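*Asks:* Residue-level listing of the chains:
Protein chains: 4
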Amino acid sequence: MKLHKSLAIMALVATTGLSSLSLASATSEAFGKNVTNTNILESEVQAAQEAWGKALIQIGKDFDSKGLKKAKATAQAVLDAAYGYNMGTVLFKPTLTQGNQVFRTTKEGALAYFVGDNSAYPNDSGFALKGWQKYEFKNAGVYINGNMALTMGNVMLTDKKGQVTQVDKTWGFVKDNQGKLRIVLHHSSLPYKP
Amino acid sequence: MKLHKSLAIMALVATTGLSSLSLASATSEAFGKNVTNTNILESEVQAAQEAWGKALIQIGKDFDSKGLKKAKATAQAVLDAAYGYNMGTVLFKPTLTQGNQVFRTTKEGALAYFVGDNSAYPNDSGFALKGWQKYEFKNAGVYINGNMALTMGNVMLTDKKGQVTQVDKTWGFVKDNQGKLRIVLHHSSLPYKP
Amino acid sequence: MKLHKSLAIMALVATTGLSSLSLASATSEAFGKNVTNTNILESEVQAAQEAWGKALIQIGKDFDSKGLKKAKATAQAVLDAAYGYNMGTVLFKPTLTQGNQVFRTTKEGALAYFVGDNSAYPNDSGFALKGWQKYEFKNAGVYINGNMALTMGNVMLTDKKGQVTQVDKTWGFVKDNQGKLRIVLHHSSLPYKP
Amino acid sequence: MKLHKSLAIMALVATTGLSSLSLASATSEAFGKNVTNTNILESEVQAAQEAWGKALIQIGKDFDSKGLKKAKATAQAVLDAAYGYNMGTVLFKPTLTQGNQVFRTTKEGALAYFVGDNSAYPNDSGFALKGWQKYEFKNAGVYINGNMALTMGNVMLTDKKGQVTQVDKTWGFVKDNQGKLRIVLHHSSLPYKP
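Chains as they are written, first to last, in my numbering: chain A, 604 to 797; chain B, 604 to 797; chain C, 604 to 797; chain D, 604 to 797.
Bear in mind the hints are in silico, worked out from the structure with no lab data behind them. What you are looking at is a predicted structure, and each value in this text was computed from that prediction instead of being measured. Heads up, a few of these hints could be off.
For identical chains, the list gives no copy identity; a pair is met inside one copy or between any two copies.
[Said to hold, decoys possible] Restricting the straight-line Cα-Cα distance to at most 30 Å, the calculated cross-link-like pairs of lysine-lysine (DSSO-like) are:
| # | residue 1 | residue 2 |
| --- | --- | --- |
| 1 | K796 | K636 |
| 2 | K636 | K764 |
| 3 | K636 | K664 |
| 4 | K636 | K733 |
| 5 | K796 | K763 |
| 6 | K636 | K710 |
| 7 | K636 | K737 |
| 8 | K672 | K741 |
| 9 | K636 | K741 |
| 10 | K783 | K710 |
Could you put the whole structure together from the sequences, leaning on the hints where they help?
*Replies:* The following block contains the structure:
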């Protein structure tokens, strides 16, 4: 089981770029050696957004080619690698959740949202299984403060028929001690229609 | 003009609790004197949420009793006191914005949302002028990291007819050098309706 | 070897209190559940100072009762548990270093200072092997900022003859993702004598 | 009085580079507009070190050419511009302090150290009045974490006779809301002589 998961993470890293960024060896712009800098770079925020988009598409591809079990393993690996559930509560409001299950502060709830197949979350059909083909980000603003970065903007997802779903999305990333950005905040909502 | 604004802020502080919290004199739990602690306390986050709710209601009351000009002055004072537009970009996605004006990263855009009356924002009728009578928060999760705090949950607003509007709301607060919490992130959305 | 080291750490935890503090389960003062707070508490800073004092004495006790090999293992465990060499550069200026070996930014250099026995550091006789019996802290000031805390003050160490050595000491602690405080800055110096 | 002080600060800014760095307009490396980044850059840390060195020399020059009153005004301006006494406690252990006045957590104590002339600090003869001509930094390590940066290394000060005094120096800088680095930690000590 654990081996399976490790392999899933390794494969995911290879295909999506959800890799661990080296912390201590951050290029020293001014001082040379013996510099440790734990702060988030904008390029790291961009890479984390890209990795999220690629991972979403990968889960759908794995579902189409290898079935639900594989898609679930990939989704679990994404949650382990890209979200901060191992660091505490994650503030996650997915786009299409409702009732008393709007917020998914646990990994189980997040997994159910992405791949469904959990009787405790009967309304979840698996957002990542919808066969998304393309993603695009339009950031409206970015706020970087220490080891935390916030982004807000639009995300456009294109499905197999070429139809585009646009959402308003806010992310909060924290850089962990290994230098890896992890999502600890994710608020996604459909555009307001008067 | 500036005097007018100062008075508006002072009045607001008195009625809503949007006051400046003392930083350097934070009670020292263990070391006694000579302790400076810039970190956010949970109680400060709660106070900031309460102040936001009270300020929203106050703008509406001022509109009803004294008209648009007064309401606008109050709203401006709220933005000056409670948001972080003086510290840079604010990531603000109000509940009811649309088109290419969804995000309000400037103070002007935020003010237009709350009180309308700005021809550059033709769809804004003034969210704070709707006569809200009551607010309630149900936090789903809180993440405190240094001088930054994130909250996610539901906000219920009750209007004059007793009807309740519920939104999904995310806030990001930063504590400034004066020890005051400022909103630098605000994503609000109506519940998803399948 | 690794087992040996793990056992040394476990024993050290039992005797000195150099234990890992739980992060995610920090008592929630206001919000109840689903709160993650990565900030440093003053009580954690105090505990980290105490743990350093106890560890210093323990290394000396282990040297006296079990010899250099055991003392070295304990010192290594202390460095692994209490310092941040696993997180990058540590800014360490020990009390009694000289020449071009004043600063010990690597774990090897720190270990040599505490237990000597390293030909690359010929002036190091092992500060922790001097048989310290008692420690006392007098903090002059504390600065807590996010996941980082700075302390400055006097440390008084008493040897077997009852003689007291007083130093001026500055520490910088960072709280890691496991909620453990780690020393990333340590400047110690003898009092100025005109 | 206040005008005098403002003028002193302005003159100081012109001669030493102790100027306020713009925060909100930090060059956006990746996202373009609407980016706020409060983190410290290495170049800012270097600039802050340089400004400290220049300011120390300037106080001495002002003393030589214009007398104690002017030197005192300059020193006060340096403390206001470069240290964090306006933000809380400053952890300051100057090189040559003794007895129960080793630590200077207040601005008054810091001023006395730099320019003397304070009967409450009888041992202070004015470190900045010694006519320092040149400074040089050799950083041994740097740790940047959010809006805080720590540096440790040697500082070499050359006097009028060409004699060099070397100290071991640790600094802790905090970036304030105006984007200005302020010293909140300063531990300086003469080299250990066995």
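*Asks:* Hint by hint, say whether it matches the structure.
*Replies:* Checked hints:
1. With identical chains, the CA atoms of K796 and K636 are at most 30 Å apart between copies only, with a shortest distance of 27 Å across copies and 54 Å within one.
2. In the homo-oligomer, the alpha carbons of K636 and K764 never lie at most 30 Å apart, since the shortest distance is 52 Å inside one protomer and 33 Å across protomers.
3. Taking the closest pair of Cα atoms, K636 and K664 never come within 30 Å of each other, the shortest separation being 43 Å inside a single copy and 34 Å across copies.
4. For a Cα distance limit of 30 Å, the shortest separation of K636 from K733 qualifies neither inside one copy, at 48 Å, nor across copies, at 33 Å.
5. Taking the shortest Cα distances, K796 and K763 sit within 30 Å of each other both inside one copy (25 Å) and across copies (24 Å).
6. For the homomeric pair K636 and K710, the shortest alpha-carbon distance between copies (16 Å) is at most 30 Å, but the shortest distance inside one copy (39 Å) is not.
7. In this homomeric assembly, K636 and K737 come within 30 Å of each other (Cα to Cα) only across copies, at 25 Å, whereas the closest approach inside a single copy is 41 Å.
8. In this homomeric assembly, K672 and K741 never come within 30 Å of each other (Cα to Cα): the closest approach is 33 Å inside a single copy and 36 Å across copies.
9. For the homomeric pair K636 and K741, the shortest alpha-carbon distance between copies (12 Å) is at most 30 Å, but the shortest distance inside one copy (36 Å) is not.
10. Taking the shortest alpha-carbon separations for K783 and K710, both the intra-copy value of 18 Å and the inter-copy value of 23 Å come in at or below 30 Å.
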